[in-house]
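Enquirer: Make a model of the complete structure from these sequences and hints.
Just so you know, the protein sequences line up as chains A and B, in that order.
Take the first sequence: its letter number 238 is residue 237 in numbering that gives the first Met the number 0, and every next letter is one higher.
Take the second sequence: its letter number 131 is residue 130 in numbering that gives the first Met the number 0, and every next letter is one higher.
Simulated from the structure, these hints should not be mistaken for lab results.
Simulated restraints on C-beta separations:
#1 A:Thr29 with B:Asp181: 52 to 62 Å
#2 B:Ala291 with A:Ser65: 43 to 53 Å
#3 B:Glu114 with A:Asp124: 53 to 63 Å
#4 B:Asn246 with A:Pro308: 46 to 56 Å
#5 A:Asp239 with B:Phe25: 17 to 27 Å
#6 B:Thr95 with A:Lys304: 36 to 46 Å
#7 B:Gln186 with A:Ser350: 51 to 61 Å
#8 A:Asn246 with B:Thr95: 17 to 27 Å
#9 A:Thr321 with B:Arg13: 28 to 38 Å
Which chain A residues stay away from chain B? Per the calculated CB distances, all over 12 Å, these:
#10 Leu269
#11 Pro278
#12 Glu288
#13 Glu295
#14 Tyr297
Away from chain A, derived, C-beta distances all over 12 Å, residues of chain B:
#15 Pro86
#16 Gly271
#17 Met287
#18 Arg386
Note that CB positions come from ideal geometry on N, CA and C, so glycine has one too.
There are 2 protein chains.
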Amino acid sequence: MTTEPAQSTAAPARLPRTLTRNLSQFDGQTVRLQGFVHARRDLGGVQFVVLRDVSGITQCVGSGLSLPLPESSVEVVGKVKAHPKAPGGFEVQVETFTVITAAIEASPLEIPKMEWNVNPETMLDYRYVSVRGLRERAALKVQAELVFAFHSHLREQGFTEISTPKIVSAGAEGGANLFKLDYFGEQAYLAQSPQLYKQIMVGVFERVYEVAPVYRAEEHATSRHLNEYLSLDVEMGFIDSEEDVMNLENSVLTVMMERLKTTCAAEFALLGATIPEVPAHIPRIPLMEARALVTEKYGHAVGGKDLDPEAERLLCQHYAETEGSDFVFVTKYPRAARPFYAHAEINADGSLSPDITRGFDLLFRGIEITSGGQRIHDHAMLMDSIRAYKMNPEAMTGYSEVFKFGMPPHGGFAIGAERLTAKLLGIANVRYARAFPRDRNRLTP
Amino acid sequence: MTTEPAQSTAAPARLPRTLTRNLSQFDGQTVRLQGFVHARRDLGGVQFVVLRDVSGITQCVGSGLSLPLPESSVEVVGKVKAHPKAPGGFEVQVETFTVITAAIEASPLEIPKMEWNVNPETMLDYRYVSVRGLRERAALKVQAELVFAFHSHLREQGFTEISTPKIVSAGAEGGANLFKLDYFGEQAYLAQSPQLYKQIMVGVFERVYEVAPVYRAEEHATSRHLNEYLSLDVEMGFIDSEEDVMNLENSVLTVMMERLKTTCAAEFALLGATIPEVPAHIPRIPLMEARALVTEKYGHAVGGKDLDPEAERLLCQHYAETEGSDFVFVTKYPRAARPFYAHAEINADGSLSPDITRGFDLLFRGIEITSGGQRIHDHAMLMDSIRAYKMNPEAMTGYSEVFKFGMPPHGGFAIGAERLTAKLLGIANVRYARAFPRDRNRLTP
Chain A
0 MTTEPAQSTA APARLPRTLT RNLSQFDGQT VRLQGFVHAR RDLGGVQFVV
50 LRDVSGITQC VGSGLSLPLP ESSVEVVGKV KAHPKAPGGF EVQVETFTVI
100 TAAIEASPLE IPKMEWNVNP ETMLDYRYVS VRGLRERAAL KVQAELVFAF
150 HSHLREQGFT EISTPKIVSA GAEGGANLFK LDYFGEQAYL AQSPQLYKQI
200 MVGVFERVYE VAPVYRAEEH ATSRHLNEYL SLDVEMGFID SEEDVMNLEN
250 SVLTVMMERL KTTCAAEFAL LGATIPEVPA HIPRIPLMEA RALVTEKYGH
300 AVGGKDLDPE AERLLCQHYA ETEGSDFVFV TKYPRAARPF YAHAEINADG
350 SLSPDITRGF DLLFRGIEIT SGGQRIHDHA MLMDSIRAYK MNPEAMTGYS
400 EVFKFGMPPH GGFAIGAERL TAKLLGIANV RYARAFPRDR NRLTP
Chain B
0 MTTEPAQSTA APARLPRTLT RNLSQFDGQT VRLQGFVHAR RDLGGVQFVV
50 LRDVSGITQC VGSGLSLPLP ESSVEVVGKV KAHPKAPGGF EVQVETFTVI
100 TAAIEASPLE IPKMEWNVNP ETMLDYRYVS VRGLRERAAL KVQAELVFAF
150 HSHLREQGFT EISTPKIVSA GAEGGANLFK LDYFGEQAYL AQSPQLYKQI
200 MVGVFERVYE VAPVYRAEEH ATSRHLNEYL SLDVEMGFID SEEDVMNLEN
250 SVLTVMMERL KTTCAAEFAL LGATIPEVPA HIPRIPLMEA RALVTEKYGH
300 AVGGKDLDPE AERLLCQHYA ETEGSDFVFV TKYPRAARPF YAHAEINADG
350 SLSPDITRGF DLLFRGIEIT SGGQRIHDHA MLMDSIRAYK MNPEAMTGYS
400 EVFKFGMPPH GGFAIGAERL TAKLLGIANV RYARAFPRDR NRLTP
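Expert: This is the structure in structure tokens:
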């Protein structure tokens, strides 16, 4: 829901700028457009320019024009005319054509013709210009709208945004996969997650969230991992169980998808993707039952203690077929698959389960996009867990001390923004859901 | 503008939770409160508990209660009664008092009695609990509202949020004060600013913003610097001059202050601070005129080429006295005081000034809170500037290459969120406007 950029002040009596997506409102009128030369064609007597602005593309047609190189920024003043074959159904008949800044070289990639799967490394090498592509920027636009829906809905639900340190003295998850940093002569690390800080802040604001980058120094390069990504983090206090956390995430996803319908229909159409419906109550299934279901229904023997990628895919297939849901919560994760701060499941008799936690994952279209759960809030239980996980209690005091001071039951979740974006849009590699991705071999641009 | 947290689902027929700030709506009725024991007093036959929740504090009075240590989380069910001497004008007569999680030690700091200026280092050492203090959290609440106003207004103005890398291969400002990082065996740095990336993204979305941490490895410890802070960054294309950028910042500040009036009146009252009025047109004065003004009016000889701290203070005093404005833009900064990407001033004859730029600062109540300006968009001019600043053109190609491809005239600004927050609230040290500050000697908690 954007308004037009404000009219510039320098040139008196200049027409206000029109965005290309609004051309249909100006049929027969003269408009002023600004943007980039997306494509051009010179047929001798007549020239065509496809102008790209933030809102889309439009065809401009003129004669006697001296066309600059593609990607030049230009201003066009001309009359809008209905034209069924033009993108958007209208074209602009050029009256004046002004080059604002001429491109001085041919672009290393032909922006209108780029294919994600043909030359991915080249596209990333030239990301500073390839990101101008319609599909490339569509992914980033969708992500921006997801993030804003996250902000808006959580504020309506009484959450306060926090900003926590990314330079830390120890890892939240136990020390593996940390980027090391020299901090005025001391060893420091880049934060893998705001986990411990967002828990502390439950003691301040009860309900908190953060939108910030996190860091994983994972050596392996896969299509679903980034070394730097945008994490949408939530933590809420005074809960009864992890069910409250899943209810919140259910509503967050609902608001996100509704926002995409009103702001990103064109982006989904461009990428041939569909905005999912979020059920009022996303199905929830305990992990052990999920494993059994996949084995019984599909004959897939699930390895390990968790779900393997094929099991995740089959479980999603099941819920898509039987309940029409692209989402499913897998609940009650085993202790062995969860971090030290995961709260144990509480048995019917009030005792704590030694091997089941109140942790959950959210699967979407075959892949995990969230981990969440209830956390330990009792100090003695936390210290036991730190020792059981063979972590150094000394290194954890800046975190663990707060649990001496009345932390209420609490839980939360984190959504990887790029992974959700990529999965929504059917983008095979998560790198294309980030403006300037960092991976094992990529530190530039 | 928050709604109540959703009612929990586990206990049937349980009263919905009431926030303390809404007590006046429930006079004579029974309510359920949750929060922390902010303070307690036992007069033998009668006990008083000051309960703190996210919205404020309220006095609860009962008898026969066994009071837990301060900071314990508790639930109170009781009847609301008008009581002129109680905080907020109402108290709650306790019917049931339930300890949710008992504090197991006395807090290292008495939360209700903390003084910023008495023991600042102790308060930061115990930040995981001192941040629960009413004034401490008020600063963070104000900051969260400033940030959300920034998001909301920029979206309404057609801006797209971006997320750019904080792990970079070179510094935006030339290489000083960078934290060094080992990135899979390669030398990398933490980004000082998203400057170069936000400029690139003008080629994609025309108008962009980012809310993210930035890093300055400055050795000196002052009350106005942080080594990690939250930067509110803006960049906009197709501008006529830096005047367009100042106009935008003017409107951003207006919306921020209006939002504070509706969401943070209690926080400003608590801290004895006043929300400033933002003029429809914030005064703008060229740097050379500002220097002359300060000298002529106040007899202060300004050192250096910029404004010294005393000159900043005096200039703000002048505009507060003569125009009632707490804000002033200082414009047309000299080349010597600006980075390589600053656009030169354009003289009346169209020529470029060799020593004046289109850079500006925004001063607020005696201190600079923003730098901004128009940037160089012409490739040849940029390469000349990089060489003139004695930077390595090779190291800049991931950035400079984009200027071969039609970058339109553009500019932007950045606001340091903590500095603005601290100055608004009269907090002398910027550390208290960050949840977990990082400084020369502080890497924890």
